[in-house]
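Protein chains in written order, with my numbering: chain A, 1 to 322; chain B, 1 to 322.
No distinction is drawn between identical chains; accordingly, a pair holds when it is met within one copy or between any pair of copies.
Only pairs whose alpha carbons sit at most 35 Å apart, straight line, appear in this in silico DSBU-like list of lysine-lysine:
#1 170 with 258
#2 46 with 165
#3 128 with 165
#4 258 with 165
#5 170 with 157
#6 134 with 170
#7 170 with 128
No lab work stands behind these hints, which were simulated from the structure alone. Computed from a prediction, not measured in an experiment: that's the story for all the values here.
2 protein chains.
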Amino acid sequence: MTTNASFLIPVQEDIQAVETLMRSQADEHHPDLNTALDLLLSSGGKRIRPSITLLIGKMLGASRDRLITLSAAIELLHTATLVHDDLIDGSLLRRGMATLNSQWSPGATVLTGDFLFARAAVLAADTKSIPVMKIFSNTLSVIVNGEITQLFASRCKVSREDYFKRIYAKTASLFETSACTAAMISPVDENTVDAMRNYGYQIGMAFQIVDDILDFTGDQSTVGKPVGSDLRQGLVTLPALIYIENQPNDPDAQALYKGECLNDDQINRLVTAIHNSKAVQISLDEACNYVQLALNVIRRQPNNPLRKSLEELAEYIVQRKL
Amino acid sequence: MTTNASFLIPVQEDIQAVETLMRSQADEHHPDLNTALDLLLSSGGKRIRPSITLLIGKMLGASRDRLITLSAAIELLHTATLVHDDLIDGSLLRRGMATLNSQWSPGATVLTGDFLFARAAVLAADTKSIPVMKIFSNTLSVIVNGEITQLFASRCKVSREDYFKRIYAKTASLFETSACTAAMISPVDENTVDAMRNYGYQIGMAFQIVDDILDFTGDQSTVGKPVGSDLRQGLVTLPALIYIENQPNDPDAQALYKGECLNDDQINRLVTAIHNSKAVQISLDEACNYVQLALNVIRRQPNNPLRKSLEELAEYIVQRKL
Chain A
1 MTTNASFLIP VQEDIQAVET LMRSQADEHH PDLNTALDLL LSSGGKRIRP
51 SITLLIGKML GASRDRLITL SAAIELLHTA TLVHDDLIDG SLLRRGMATL
101 NSQWSPGATV LTGDFLFARA AVLAADTKSI PVMKIFSNTL SVIVNGEITQ
151 LFASRCKVSR EDYFKRIYAK TASLFETSAC TAAMISPVDE NTVDAMRNYG
201 YQIGMAFQIV DDILDFTGDQ STVGKPVGSD LRQGLVTLPA LIYIENQPND
251 PDAQALYKGE CLNDDQINRL VTAIHNSKAV QISLDEACNY VQLALNVIRR
301 QPNNPLRKSL EELAEYIVQR KL
Chain B
1 MTTNASFLIP VQEDIQAVET LMRSQADEHH PDLNTALDLL LSSGGKRIRP
51 SITLLIGKML GASRDRLITL SAAIELLHTA TLVHDDLIDG SLLRRGMATL
101 NSQWSPGATV LTGDFLFARA AVLAADTKSI PVMKIFSNTL SVIVNGEITQ
151 LFASRCKVSR EDYFKRIYAK TASLFETSAC TAAMISPVDE NTVDAMRNYG
201 YQIGMAFQIV DDILDFTGDQ STVGKPVGSD LRQGLVTLPA LIYIENQPND
251 PDAQALYKGE CLNDDQINRL VTAIHNSKAV QISLDEACNY VQLALNVIRR
301 QPNNPLRKSL EELAEYIVQR KL
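The following block holds chain A by itself, in its conformation from the complex (with noise of 0.2 Å):
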């Protein structure tokens, strides 16, 4: 844990209970699962998703029990997606960690994934809320359809619309969901889940701009994959988009724009120059205009501790590794 993610100080018993419960569901199956849903949680992560559940459904008052409960029921969704994605991609990495197709079968895996998803749906069903177990669903469908678009999309396509629908379908849809359901098992009105739905977006869509960035600035062994991954593997994000918007000149940055897909010489080229240039700025403009808008969603909110720590969440995600 950085030192400014002291939004998690709230909820770090919380985030205790949520792995846990997380971990317990695999009791009573194979006790491979076991020892996979180990690997997969001890790789950690910033448990970034349940601590918007958390602190939001603290902030509007839900009880705990079933704020744990969905926080885990996201939280593991958010895994089965990863171990999916993993596959498909062919990582071995993931936050500088062993992937479990790395030491797994492709069938284990699959079915540890699938096992995961079965596992989220029956936390999401212990919420005992309908609206909530209808948008988890969905949710899913939006993840798995921007997965899929992305899989049979050309290559190395240069459209800023494309880009915000997929970082939507692939991250923010699910920080979304995260905030909106805390509010939704929640005694509020509609207006505030709304409100909440609408803080999850914004700091969804910073997350994956941030994360979209470190691709070029990160050092390999903190973001545990190679620099310019996403454009080795035909994936234009913000700052390709900015950078070739704003180099007209640059025979790389055109070829990619002119549709054709580069070798590696032209990609390394590519990721230094963007590295080099002020698209990353730009980009981390574009992430802080999303904070914004999610800092004025949630300030609206009557002031009180948890509040603040949902504006230090907002603030952390374009503070993170950077």
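Start from chain A and add chain B according to the hints.
Coordinates of chain B only, in the frame set by chain A:
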């Protein structure tokens, strides 16, 4: 549809509505998902699981809309598990038609299965019954846990206990859910829900035993996979178990019993020997016992034409393709 599937007559129109609802799940999503759903649904099958749900729900007074939704959820969940199963097993044919994984990349096949899980969960949430949601998600865990157990289990294991556990997880669990969830959305008491669960369990066990018999006796063109394919994959099903118990002098059977994996010649000899042995009839008798238990349960319900169809459905289980 064969002539003896007369139990389908009272639900023919409902099954059409279920198929329409299933196909509509890819609307507003990536067009290739429509293509995939068309491919998957056109390969047909008897829609036996939704027929159980529809017949029970109609008999017990559930609303038609909820029944259609629930039936589509169940059949979509079943379809999703088949998509991942065929991928994991590398099966190229199902019901004589090309599988999705024989035409699409592994990644696209994994994601299509995930999408179907998501849409099945959306439909289950649309039944607006929390107990249905819960049992639905739990059933998916049971199915997947069964597959993982099978995947990690030592091949060629000769154990009745393992066999019955496996066919429960693989098949009877979803039959049980198809039956009891129909009762759960009907105006009936807990005893009736339990009775319907029991009916579903019994015919589910019978259904899988018959499938396992057909793997030895079926015509490859009808079954859509090579004869003896279970044994070739190291799966020892009921006919093989019974044959091994009754033929202490068959060296192939004894090799299997000792935990040896057999070569092709041994498998071919053993498949023919099992096919020509009494083990087929003894297995069928076991399936008939399950069907008889299902009939006993269903005949305790008030007599009416839908109850009659459920009796026919139970009897059909042990008659199909034999």
